[in-house]
Structure formats: C-alpha cells, structure tokens
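Model the full assembly from the supplied sequences, consistent with the hints where possible.
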Amino acid sequence: MVGIIAVGAYVPRLRLQRQAVAAANGWFNSALKGLGKGERAMANWDEDAITMAVEAGRDGLEGYDRGRLAKVILASTSQVFADRQNAGVVKEALNLDDSVGTMDVAGSQRAATSALLDALYAAKGGAGEILCIASERRHPAPASEQEMTGCDAAAAVLVGAGEVAADFLGGHSVSIDFVDHFRADDSEFDYNWEARFVRDEGYARIAPAAVKAGLVKAGVTVANVDYFIMGAPMKGVNDAVAKAVGVKPEAVVEPLAAVMGDAGAAQPLIMLAKVLENAPAGQIVVVVGFGQGCDVLVFKTTAKVGGAVRGMGVSGWLARGKPETNYIKYLFFNNLLALDRGMRAEADQKTSLTSLYRNRKAVLALVGGKCSKTGTVQFPKSEISVNQNDRAQGTQEDYPLADRTAKILTYTADNLSYNPDPPGYYGAVEFDEGGRITMDFGDVEADDVFVGAQMRMMFRIKAVDEMRGFVKYFWKAVPDYRAKAQAALAAE
Amino acid sequence: MASGIRDKVAILGMGCARFGERWDADADGLMVEAFNEAIADAGIDVSEIGAAWLGVGFDGVSVGPSGIPLSMALRLPNIAVTKVENYCASGTESFRGAVYAVASGACDIALAMGVEKLKDTGYGGLPVRSRGIVSDMIGVSGSAPGNFAQIASAYRAKHNVTPELLKRAIAHVSVKSHANGAKNPKAHLRKPITEEQCLNAPMIAEPLGLFDCCGVSDGAACAIVTTPEIARALGKTDLVTVKALQLSVSNGWEMQGAGWDGSYFHTTRIAAARAYQEAGITDPRKQISLMEVHDCFSITELVTMEDLGVSAEGGAVKDVLDGVFDADGAIPCQIDGGLKCFGHPIGASGLRMLYENYLQLLGRAGDRQRKQQPIFGLTHNLGGMPTQNVSSVAIVGLADA
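Protein chains in written order, with our numbering: chain A, 1 to 492; chain B, 1 to 401.
Since the hints were derived computationally from the structure, they do not count as laboratory data. The beta-carbon is built from N, C-alpha and C at its ideal position, and this holds for glycine as well. Treat each hint with caution, since some may be false.
[To be verified] Pairs of lysine to aspartate or glutamate, EDC-like flavour, derived with a Cα cap of 20 Å:
| # | chain 1 | residue 1 | chain 2 | residue 2 |
| --- | --- | --- | --- | --- |
| 1 | B | Lys-158 | A | Asp-432 |
| 2 | A | Lys-373 | A | Asp-390 |
| 3 | B | Lys-158 | A | Asp-448 |
| 4 | A | Lys-212 | A | Glu-194 |
| 5 | B | Lys-119 | A | Asp-448 |
| 6 | B | Lys-158 | A | Glu-430 |
| 7 | A | Lys-407 | B | Asp-261 |
| 8 | A | Lys-304 | A | Glu-277 |
[What the hints assert, rightly or not] Calculated from the model, a selection of chain A residues having no Cβ within reach of chain B, i.e. all distances over 10 Å:
| # | residue |
| --- | --- |
| 9 | Met-1 |
| 10 | Gln-19 |
| 11 | Phe-81 |
| 12 | Gln-85 |
| 13 | Asp-190 |
| 14 | Lys-235 |
| 15 | Ala-240 |
| 16 | Gly-293 |
| 17 | Gln-378 |
| 18 | Pro-380 |
| 19 | Asp-398 |
| 20 | Tyr-418 |
| 21 | Gly-435 |
| 22 | Gly-452 |
| 23 | Gln-454 |
| 24 | Glu-466 |
What follows is the structure, encoded as structure tokens:
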C-alpha cells in the first residue's frame with residue numbers, strides 16, 4: 001500500500017488580531033470592517049517559507065528514521081529564492097544525507113497538492129519515502145481582503161509504501177488557465193479579479209467536475225466521503241462545491257479561518273494534517289487543490305492513522321499562539337513599512353558562500369562535534385578538542401544538536417544592537433546532553449527568559465543581506481513549547 | 001624558569017590626551033597631545049626612542065592598518081613601529097611590546113601609544129563590526145552591553161542575589177566613578193550622579209541601564225619606558241617600575257566547553273594569579289593600593305573585584321555597598337573616574353589606567369590624589385565578552401617597593 005505515513009505542521013506563534021487590522025484600515029476600505037473577527041497566523045520577522053518548512057518537516061519526521069528518506073519536496077508560492085533551491089536549504093536544515101533528492105514546486109495555489117500527488121505516484125513507482133512540504137509566507141497588499149483572510153503556515157506530508165496511516169486510493173488533475181489572480185515574477189502583490197467570477201465561474205464549475213472524476217478514479221462513492229478538504233478562503237465556497245458533488249454537508253472540513261487563516265497553497269495540506277489528528281480508521285478523505293485547474297486526492301485512513309501525528313501537529317501549534325494586536329509590527333515584519341532602523345542596521349550582512357559551504361552542517365543543521373576519545377560535545381567542531389584535559393586532535397564526529405533540548409546559562413535583553421523586534425534576547429545555552437552555544441533567542445517574552453529555562457532549537461533567519469538579496473539562516477533557542485502546548489490541548 | 005618582568009623596566013614619562021567627544025581632533029591630533037606630555041615628562045628627544053608600539057581597537061574607524069599612522073603622526077625617525085590589536089587590552093598590549101623590547105635589551109627607550117577615535121561613526125556606542133566570516137554565520141552579533149550584561153544573570157543565579165540588590169550594588173559602582181570623574185579635568189564625563197538617577201535610567205541591555213555603561217570616547221595615552229638604570233642616568237629620582245605584566249586569553253572553554261557557569265571572568269583570575277606571583281604579592285586586598293579596572297560596565301567592575309581576589313567570591317556586592325572601593329575606601333577603584341567617566345577610547349584605555357597609577361604613585365594626581373602614599377597600582381583590561389576574552393593585569397609600583 002502507498003499512502004501517508006505521517007503528517008506534520010507549523011503555525012507561527014504570533015496571531016494577528018483581525019480587529020486590529022480592521023481598526024487600522026477600515027477608514028480606507030470599509031469592507032474590511034466586516035472581516036475584523038478572529039485571528040490569523042503571522043510569521044515573525046525571522047521566519048519565511050523555508051524556516052516554516054523546516055519546522056513542519058521536523059514535526060512530520062518526529063520519531064522517524066531520517067535515513068529512510070528518499071526525497072524532499074517544497075511547494076510554495078512564496079519561495080525565498082528564485083534560483084537557489086529552497087528545498088535544498090530545507091534538506092540541509094533537516095540534516096539529511098546528500099543522497100536525498102530535493103525539488104521545489106511553485107507557481108500556483110495548487111503547488112502543494114500537485115507536489116503531493118506526484119510524490120504519491122513516485123512512491124507507487126518505487127521512489128521510496130518522500131517528504132512533501134508546503135509552506136507559505138504570504139505577502140498581501142495592505143488593506144486588501146487577502147491581508148485579512150491570508151496567513152503564514154506550513155505542513156508536511158510523509159508518503160511512502162508499506163503500513164501507512166492513510167491509503168492513497170487515487171487522484172485526478174485538471175489544468176485550465178483560469179486566472180482568478182496572478183503575480184508576475186517581479187511583482188510584489190497579487191492582482192485579484194472579481195470574487196464573484198472566481199466563485200461562480202471558477203470554483204463552482206471547475207472543482208465539482210474534477211472531484212467527481214477523482215472519486216471515480218479512486219473507486220469511491222461520493223456518499224462515503226467522510227472528510228472533504230478544500231480550504232477556499234471565500235465564504236460558502238467549500239460547502240457549495242461539496243454540495244454540487246453530493247458530499248454530505250458534515251463532511252466539509254472547516255478551513256481554520258477563525259483561528260489561523262488561509263495559508264495559500266499550503267492550506268489543503270494543513271487541513272489534511274489536522275484531519276489526521278483525530279480521524280478514525282476506515283474514513284475516506286478527499287483533498288482538493290484549486291488554482292489554474294484542480295487536483296483531487298482520495299485517501300482512506302487505516303488502523304495506523306493514530307500514529308500519523310507524532311509531533312505538535314496543527315492543534316499543538318495552534319495552541320501555542322500569542323495574540324498580536326500591533327498592526328504596525330505586522331507591516332514592519334513584512335517589509336510593508338519603512339521604520340527608521342538607525343545606523344546599526346546598516347551593518348553589512350554579506351555571507352561568504354565559500355565559508356557557508358564549508359560550514360554548512362554547522363550553520364544550517366546545527367551539527368556540532370563529539371570527541372570519539374573523550375565524549376566531549378562542542379559547537380562548532382574544531383580540529384583540536386575544547387576539552388581542557390585532553391587536546392585530542394581530529395577525533396570529532398558529527399553530533400547533531402538541533403533536536404536536543406538546552407537550558408539557559410546566561411542571557412540579556414539588548415536594546416542597543418539592531419533587532420527588528422527589540423529588545424534582542426540572547427545568551428549562552430547548555431545542552432542537556434552536553435555542549436553549549438551562545439545564540440539568539442526567538443519567540444520570547446521577558447518572562448520566558450531566566451537561568452535554567454528549558455529551550456528548544458528552531459531554524460530561523462539570522463539576518464537578511466538586503467544589499468545582495470541573500471538570507472542568512474541559523475538556529476535560535478526558543479522556549480520549549482511542547483509541554484505548554486500539550487497542557488493547552490488537554491485543557492481544551 | 002622565567003624570571004618575569006619585575007623591576008626590569010621603568011616608566012620614563014607618560015601623557016594622556018583629554019578624553020571625550022573630541023569633535024575637534026583626528027586620531028593623529030590626539031596622539032600628538034598625549035605624546036607631547038609624555039616626552040616632556042620623559043625629558044628626552046624623539047631621536048632617543050628606539051621602537052614604538054601602537055594599540056588600536058577599531059582600526060576601521062580610528063587609524064587604518066599598520067604602525068604607519070603613529071609614525072606619521074609623531075614623525076618618528078623611521079624606527080620600528082608595530083600596531084597591536086587585542087580588543088580592549090590593546091593599550092596594555094602596546095605597553096607590553098615596549099616593555100618587553102626594553103627588558104630584552106633590544107632597545108634602550110621604547111614608546112607605547114594607544115589611541116581610539118570612536119566618535120566619528122555617527123551613532124552612539126561602539127562601532128558595529130564583524131568578528132570574522134564564520135562568527136558572522138553562527139555567532140551572536142550582540143552589543144557590548146548585551147554581551148557583558150549576561151554576567152549579571154549568571155551571577156544572580158549562582159550567588160542567589162536578587163535583581164534589586166545587584167542593581168543597587170552596580171549603581172553604587174557608577175555613582176562612585178562619577179564622583180571621581182568630576183574631579184578629573186581630563187575626564188569625559190564630569191557630572192556626579194545619584195543612585196536614583198542610575199536606577200531609573202533607560203535600559204540598554206537588561207539589567208544594565210545607561211549609567212551602568214562607560215563612556216565611548218575619543219582619546220589617546222602614551223608611555224615612554226626604559227631601564228631603571230637609564231632612567232636614573234637621565235636624572236629621574238622617583239622611579240615607577242613595572243612589577244608585573246600578564247595577559248590571559250580565552251581558548252574557547254568558556255564558550256564551547258563545560259564547567260564555566262557564566263558568572264565570572266576565567267581569564268582575569270588566571271592573569272591576576274600570574275601577576276601577583278610575578279610582583280611578589282601574596283595578599284592583594286592588603287597590598288594593592290589602587291586599582292584601575294576594566295569597568296566597561298558596572299557589573300564588570302563588581303565581578304572583577306572577585307576575579308582579582310580583592311573580594312571573596314560572592315562578596316563583591318557587600319564590599320561595593322560598604323564603600324571599600326570608593327575614593328576614600330580601603331582600596332580605591334577608578335580614582336580617576338575609570339572607563340565609566342574618564343572614558344573608554346579602546347586602544348588608549350590600558351595606558352590611561354597606567355597613567356593614573358603613575359601619577360598617583362608620584363603624588364601628581366592633583367585634586368584626586370590619594371592621601372595615603374600608594375605602593376602598588378594595578379591595572380586591568382578585559383577585551384571581548386565574558387565567553388571569549390582577553391584579560392590583562394599590570395602592576396606598577398615605586399622602584400624600591
């Protein structure tokens with residue numbers, strides 16, 4: 001059997017309150033006032049499609065032997081680099097073997113479903129196990145409806161053959177150059193056509209036919225569909241398409257509009273990951289991707305579905321949210337507002353690509369060294385061990401630190417050096433299994449930072465080289481969110 | 001077994017420019033100001049200087065590469081001039097070069113100059129700079145206060161000191177230095193402050209407020225050294241000689257190894273132990289008369305009292321609040337205002353500290369002169385950050401001490 005082995009997700013911690021957006025922009029676009037309800041996930045300044053993909057990937061690979069992985073696919077319409085493989089950065093951050101294949105998929109709101117469909121076909125053909133990640137850091141124009149409905153988030157679906165959590169029963173694609181919106185390669189924002197056209201001529205005509213054809217291919221009767229995942233952000237559209245196909249109304253999966261928002265191409269995969277948190281065995285799950293056509297994927301959950309979510313999952317990340325009421329901060333984090341950053345922000349952030357290549361495991365995967373003689377753990381690796389009692393030379397073996405927890409040893413909150421979200425928190429952390437790093441902290445509040453606080457590593461943007469358009473990535477210590485998220489989930 | 005530097009080299013003359021926001025001067029002007037005072041004090045001709053060292057911390061903004069800027073500023077007679085950089089110990093490092101040259105017999109008279117021109121960047125604080133290509137990828141590009149502030153977090157945790165008590169103790173450090181700086185005509189900051197002002201100042205890097213941070217200044221300081229014999233032959237009677245000159249440099253243990261708890265400066269403890277041995281000092285709290293330590297931040301000075309062994313470990317908070325290091329205390333620390341108020345032109349600072357001890361030992365410190373005759377004066381520099389630093393300890397004293 002070929003299908004889904006596991007799923008993972010990532011939803012950034014900040015949740016922009018739509019009321020704050022409506023309050024700021026309602027004077028200009030009064031239609032926004034009616035949308036000022038609920039919250040939308042908002043990437044921190046140091047997150048993008050790549051960093052969120054890494055976190056979703058880690059979440060999906062929790063408890064999984066990464067040595068089994070054959071390929072990583074990253075689907076996004078907000079890829080960071082136009083020419084430097086984004087999936088390749090994710091592969092490095094996940095510390096995968098160089099023999100793992102990588103591929104970027106882009107260009108359509110269907111990017112993730114198409115990527116997943118192809119991954120499943122490839123797995124069927126014996127390609128091995130494939131991690132299909134969808135990640136979006138969206139960039140809507142200020143005061144647009146999309147700014148209200150959209151969000152930043154990611155999901156990962158691990159597919160392969162064997163005892164899967166959900167069987168892939170079949171899929172179908174139609175391709176039609178239906179342009180509901182577009183964004184040229186050098187454009188900042190989407191250009192959107194009238195919503196009524198998109199709904200009535202697009203979704204209403206293209207999606208039902210595709211879904212019906214998909215169900216036929218999968219050999220599933222429409223009445224048996226238990227979960228219908230489409231994720232169109234427009235009100236009523238998912239229900240209307242389901243109704244047109246004949247799917248029972250209660251099967252339509254709620255698209256997380258109130259608590260997260262629409263993560264573009266990643267949305268169907270995020271909803272799929274959410275569904276697999278609780279779906280019992282033997283359920284039919286239909287996933288639809290819409291954009292210049294339509295993708296349809298049909299799954300049936302198995303007795304293994306209970307093991308599909310091993311990490312935080314969508315619900316865990318949603319439970320980790322922190323309300324953000326400062327719309328100005330959102331604008332600044334998204335390069336939509338030029339604040340006076342001061343001269344300290346002028347520091348040249350040029351990266352030496354030769355040095356990055358040599359040090360790629362340390363920089364991108366947080367791989368340190370462990371002395372094969374003394375067991376001393378250190379970061380970064382060095383020719384001569386840091387052990388003061390044994391200057392063993394050339395004895396260090398790769399020692400990945402990214403998935404190990406650490407405790408704060410020293411810290412400060414720095415108001416002087418430039419940080420897009422001041423104060424900048426940083427300090428020394430000591431790993432519970434040895435080794436220490438002085439590093440930036442991410443996603444922190446003053447109360448989170450104290451000597452002995454438990455931290456977990458996250459892949460983040462370190463700085464942006466604006467002069468050359470390069471993004472510098474490294475790891476940051478964030479408060480270990482897992483116990484808190486679990487407690488929040490249990491309390492729900 | 002090395003015999004050490006004790007009493008092998010004497011200070012022939014010293015000079016120090018007025019520190020501060022020297023909008024009027026370039027680096028060469030500051031160097032000439034310090035040099036003119038030093039050479040007049042030494043009573044020699046420039047042609048008698050055999051070799052020179054230049055200490056600069058930020059050459060990108062201060063002077064540029066090489067020893068040439070010093071040679072040009074002073075129009076030295078084509079002698080060897082070497083530029084040294086060792087973070088905030090650069091000034092002491094230049095002194096070390098000159099002292100070693102004389103002690104080795106390679107030259108009779110050598111000059112050490114430290115200079116920094118920091119106020120030409122357009123913004124307050126130290127210039128933002130790279131720490132190398134690899135560090136730029138995996139290191140924290142924090143500010144100096146942010147780096148040093150971390151000592152406070154670990155110190156509080158280790159010694160179970162409340163944030164309020166530690167904040168009050170470090171406020172006392174700064175209040176004391178402001179009081180001292182007010183009496184020093186060459187100091188950058190000459191206004192006394194109150195504890196209340198200090199506690200309520202804007203936060204720079206938790207828990208360091210504005211008054212917990214030293215002045216970022218322009219300035220230069222200069223020493224001319226020779227052997228005691230030559231100094232006497234030149235007519236000097238009261239000789240200040242070098243008793244100890246030690247430097248300890250982190251090897252990565254604090255930052256990457258295991259065992260350091262973040263609450264003290266490992267290198268200072270090593271440099272101090274070596275310096276006391278070299279100078280023959282067995283009880284620093286009793287024997288050291290004056291200290292000029294690297295009070296880049298108030299917390300640094302407080303912790304340094306323990307690292308130098310003048311306070312017991314965990315005892316500096318009490319000693320500071322008891323006034324042990326005040327100008328009229330048992331061991332005055334920063335009687336000239338320190339980095340805090342005299343100012344901190346990086347490359348000049350080590351020599352500025354020596355300048356004060358030199359003046360105090362010779363009874364030439366004016367309004368701020370310590371009444372009780374000093375015997376040993378200690379200077380201490382700390383460059384870098386708590387996890388990774390260069391620490392120097394120098395002790396000077398009267399030749400017969």
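(message) Verify this label for me: Gln-85 (chain A) is non-interface relative to chain B, using a Cβ-Cβ cutoff of 10 Å.
(response) At roughly 19 Å from the nearest Cβ of chain B, Gln-85 (chain A) sits farther out than 10 Å, so the non-interface label holds.
(request) Please confirm whether Ala-240 (chain A) is truly not at the interface, meaning its C-beta sits more than 10 Å away from all C-beta atoms of chain B. (result) Consistent with the label, Ala-240 (chain A) stays out of reach of chain B, its closest Cβ about 51 Å off (over 10 Å).
(message) Given the hinted pair Lys-212 (chain A) and Glu-194 (chain A), is their Cα-Cα distance within 20 Å?
(response) Answer violated: Lys-212 (chain A) to Glu-194 (chain A) is near 26 Å, above 20 Å.
(request) Taking the shortest Cβ-to-Cβ distance between Pro-380 (chain A) and chain B, state whether it exceeds 10 Å. (result) violated, 6 Å
(message) Verify this label for me: Met-1 (chain A) is non-interface relative to chain B, using a Cβ-Cβ cutoff of 10 Å.
(response) holds, 43 Å
(request) Please settle this one: Asp-190 (chain A) was flagged as non-interface, so is its CB more than 10 Å from every CB on chain B? (result) Per Cβ check, Asp-190 (chain A) is outside 10 Å of chain B; nearest 34 Å; holds.
(request) Taking the shortest Cβ-to-Cβ distance between Tyr-418 (chain A) and chain B, state whether it exceeds 10 Å. (result) Not fine: 8 Å to the nearest Cβ puts Tyr-418 (chain A) too close to chain B.
(message) Hinted pair, alpha-carbon criterion (20 Å max): Lys-158 (chain B), Asp-432 (chain A). Please report holds or violated.
(response) holds, 19 Å
(message) Confirm or reject: Asp-398 (chain A) is not an interface residue toward chain B, with every Cβ-Cβ distance exceeding 10 Å.
(response) With a cut-off of 10 Å, Asp-398 (chain A) remains clear of chain B, as the shortest Cβ separation is near 16 Å.
(request) Take a quick look at Gln-19 (chain A) and tell me if its Cβ sits farther than 10 Å from every Cβ on chain B, holds or violated. (result) Holds, since 31 Å exceeds 10 Å.
(request) Measuring Cβ to Cβ, find out whether Gln-454 (chain A) lies farther than 10 Å from everything in chain B. (result) Check passes; 15 Å lies beyond 10 Å.
(request) Assess, step by step, whether the Cα of Lys-158 (chain B) is no farther than 20 Å from the Cα of Asp-448 (chain A), and give holds or violated. (result) Distance of about 19 Å is within 20 Å: holds.
Of the numbered hints given earlier, the model fails hints 4, 5, 17, 18, 20, 21, 22; all others are met.
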